[in-house]
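Protein chains: 2
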Amino acid sequence: MNFTKIRSFYEKYIEINDQMWSELESCLTVKTLIKGEVFIKEGERCDYVSFVEKGMLRMYYLNEGKEVSAAFFFPGIYISVYDSFITRAVSRVYVDALTDTTIINLDYDSVQMLYRKNPAFERFGRLIAEAILISINKRMMSFMLDTPEIRYLNLINERPKVIQNIPQYMIASYLGVTPEGLSRIKKRIHKAAKN
Amino acid sequence: MNFTKIRSFYEKYIEINDQMWSELESCLTVKTLIKGEVFIKEGERCDYVSFVEKGMLRMYYLNEGKEVSAAFFFPGIYISVYDSFITRAVSRVYVDALTDTTIINLDYDSVQMLYRKNPAFERFGRLIAEAILISINKRMMSFMLDTPEIRYLNLINERPKVIQNIPQYMIASYLGVTPEGLSRIKKRIHKAAKN
Numbered sequence: 001m002n003f004t005k006i007r008s009f010y011e012k013y014i015e016i017n018d019q020m021w022s023e024l025e026s027c028l029t030v031k032t033l034i035k036g037e038v039f040i041k042e043g044e045r046c047d048y049v050s051f052v053e054k055g056m057l058r059m060y061y062l063n064e065g066k067e068v069s070a071a072f073f074f075p076g077i078y079i080s081v082y083d084s085f086i087t088r089a090v091s092r093v094y095v096d097a098l099t100d101t102t103i104i105n106l107d108y109d110s111v112q113m114l115y116r117k118n119p120a121f122e123r124f125g126r127l128i129a130e131a132i133l134i135s136i137n138k139r140m141m142s143f144m145l146d147t148p149e150i151r152y153l154n155l156i157n158e159r160p161k162v163i164q165n166i167p168q169y170m171i172a173s174y175l176g177v178t179p180e181g182l183s184r185i186k187k188r189i190h191k192a193a194k195n
Numbered sequence: 001m002n003f004t005k006i007r008s009f010y011e012k013y014i015e016i017n018d019q020m021w022s023e024l025e026s027c028l029t030v031k032t033l034i035k036g037e038v039f040i041k042e043g044e045r046c047d048y049v050s051f052v053e054k055g056m057l058r059m060y061y062l063n064e065g066k067e068v069s070a071a072f073f074f075p076g077i078y079i080s081v082y083d084s085f086i087t088r089a090v091s092r093v094y095v096d097a098l099t100d101t102t103i104i105n106l107d108y109d110s111v112q113m114l115y116r117k118n119p120a121f122e123r124f125g126r127l128i129a130e131a132i133l134i135s136i137n138k139r140m141m142s143f144m145l146d147t148p149e150i151r152y153l154n155l156i157n158e159r160p161k162v163i164q165n166i167p168q169y170m171i172a173s174y175l176g177v178t179p180e181g182l183s184r185i186k187k188r189i190h191k192a193a194k195n
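Protein sequences, first through last, are from chains A and B. Just so we're aligned: 83 in this note's numbering is position 83 of the first sequence, and the numbers increase by one with no gaps anywhere. Just so we're aligned: 123 in this note's numbering is position 123 of the second sequence, and the numbers increase by one with no gaps anywhere.
Do not take every clue at face value.
When chains are identical, the list treats them as one kind, so a pair holds in a single copy or across two.
Computed list of lysine-lysine pairs in DSSO-like fashion (alpha-carbon distance at most 27 Å, straight line) [what the hints assert, rightly or not]:
1) K66 <-> K138
2) K138 <-> K41
3) K186 <-> K54
4) K12 <-> K117
5) K117 <-> K161
6) K31 <-> K191
7) K31 <-> K117
8) K5 <-> K35
No lab work stands behind these hints: they were computed from the structure.
Required output: the full structure, derived from the provided sequences and hints.
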């Protein structure tokens, strides 16, 4: 497989010379998942940061038997149960593939080795942690301050891929509403748009 | 002022030799806040990471005129509106002092200078971002999965200082309930403990 997309991803954050790239590239492994396959289970440790090459993944909690969607991942971004990856504690969430999916994995020990070898990788680690922090913080803030209707409108504006690709019941739990609640929100918005 | 507590704080994450410490120490400035004083307002940029030396601070949102508590800070930890600090965008939150408070500030430019000068500071930056990420993620997860009652019980077990020092109405909004809702929760817990 050609890993140039991953090099480009890193180069958004740091400069990568050929030696650094060859060190990084030698640690990458490819994994394919079929539709519905679970990549990480609750109670397992997350040993990878993974780059989504193709397909779609979902992160979700199982809460009293009900799936609660926490995040959706599309090609071009990183996915990891990052709290488990960092602390080495077991995951509280599941990650599964919503379609046939290809991810490229970088394992925990390689990440630590790269951090030690080159301060630029350490910087990348800081910038990625900061980016994830900002994204979680934004979602947290929205849960504290916004109505489900505002959260849905933000999703339409900011993450059209989620609206286009993800089943309604998964979007509902992601927004913290029931599927019926989401239907009502959509009707209200549709009505308001017509007036 | 004696900055040894800050040195100890850094040394929990990285090794600090005397030269590094003198570089860091020369960037620190002390700020005192009187009870009720606002340190950061919504719409201002957060230019500091601050170490709480003495006192107590609160971070809160103003949502349709109502204060919604987001976090509480006690001596020995860092406080920053970190998303604003990182991205250089304006803050969505307020930070104020709940008692007479002393903080020690490290400004944005100094932090960036330290990152460039020494990879160990870069590592510190990564580890701090990861620690903040884990803490926000934990709170986010609790908001998605736990009842307010469970959130309150977790607060008792994990953050007794909040229970002991923070007014009830601030704890209520922190948990996402009304003050009356919090009273009911406390009565239920008290009753359950007696049985």
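Could you tell me which of the hints above the structure violates, numbers in ascending order? 3, 5, 6
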